[in-house]
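Residue numbers (our numbering), protein chains in the order written: chain X, 1 to 112; chain Y, 113 to 225.
For the record, the hints were derived by calculation from the structure and aren't laboratory data.
Be careful, since some hints might not be right.
Stated by the list, open to error - Straight-line C-alpha distance at most 30 Å; calculated DSBU-like pairs for lysine-lysine:
# : chain 1 : residue 1 : chain 2 : residue 2
1 : X       : 104       : Y       : 126
2 : X       : 1         : X       : 68
3 : Y       : 121       : X       : 42
4 : Y       : 121       : X       : 104
5 : X       : 42        : Y       : 126
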Amino acid sequence: KQEVTQIPAALSVPEGENLVLNCSFTDSAIYNLQWFRQDPGKGLTSLLLIQSSQREQTSGRLNASLDKSSGRSTLYIAASQPGDSATYLCAVSGSGYSTLTFGKGTMLLVSP
Amino acid sequence: NAGVTQTPKFQVLKTGQSMTLQCAQDMNHEYMSWYRQDPGMGLRLIHYSVGAGITDQGEVPNGYNVSRSTTEDFPLRLLSAAPSQTSVYFCASRLGLATDTQYFGPGTRLTVL
Chain X
1 KQEVTQIPAA LSVPEGENLV LNCSFTDSAI YNLQWFRQDP GKGLTSLLLI QSSQREQTSG
61 RLNASLDKSS GRSTLYIAAS QPGDSATYLC AVSGSGYSTL TFGKGTMLLV SP
Chain Y
113 NAGVTQTPKF QVLKTGQSMT LQCAQDMNHE YMSWYRQDPG MGLRLIHYSV GAGITDQGEV
173 PNGYNVSRST TEDFPLRLLS AAPSQTSVYF CASRLGLATD TQYFGPGTRL TVL
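Same shape as in the complex, but just chain X:
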């Protein structure tokens, strides 16, 4: 059974820092990995989707990398801002109509 772990569970940083969130998965036979953002009391918003043939994806200040063979992904946030404060979740899936398996998330707080 696929298991997804996210470290750290919580992170507090001052504004302006560059930071890295980690995601690991036990079964490397994935077809894609997604990073989501969840604001308190809200649903999830997709940030980046990396397909298994890709090594990384970038969107603005966000960069996600994927190393399938080692079962790891990282989300890099450059020049963090208070508006980045949220919970970040990663999820992996297989091919076709596969379901997503989620990690428990990293709760990020960026202080002004």
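Once you've looked at the hints, dock chain Y against the given chain X.
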């Protein structure tokens, strides 16, 4: 597009009552799913559907029923609510394959007394 909509936003039930959580999407997505989110447990899949008339169980299906009579709607039914079903419920949809971006609704916070 309204995206994925869920009603109600909040609900309080007594043990043994039944109710239906509504979910609708206007993006013509084939794939729809229901998750529950609990502290310390993360998001867990309840049921999913790959198209109208087709549903299947996820990780935690017991106590829940679903049906998919149209592409747009995917209601989740609690037949006899239990306190263990107190949770936040999210509906999600995507175009079809797992390589498609998944969109989530705003959630329904359910309390069972």
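Exercise for review: Compare the structure with the hints numbered earlier in the document and write down the numbers of the violated ones, lowest to highest.
Suggested key: Of the numbered hints given earlier, the structure breaks none, since each of them holds.
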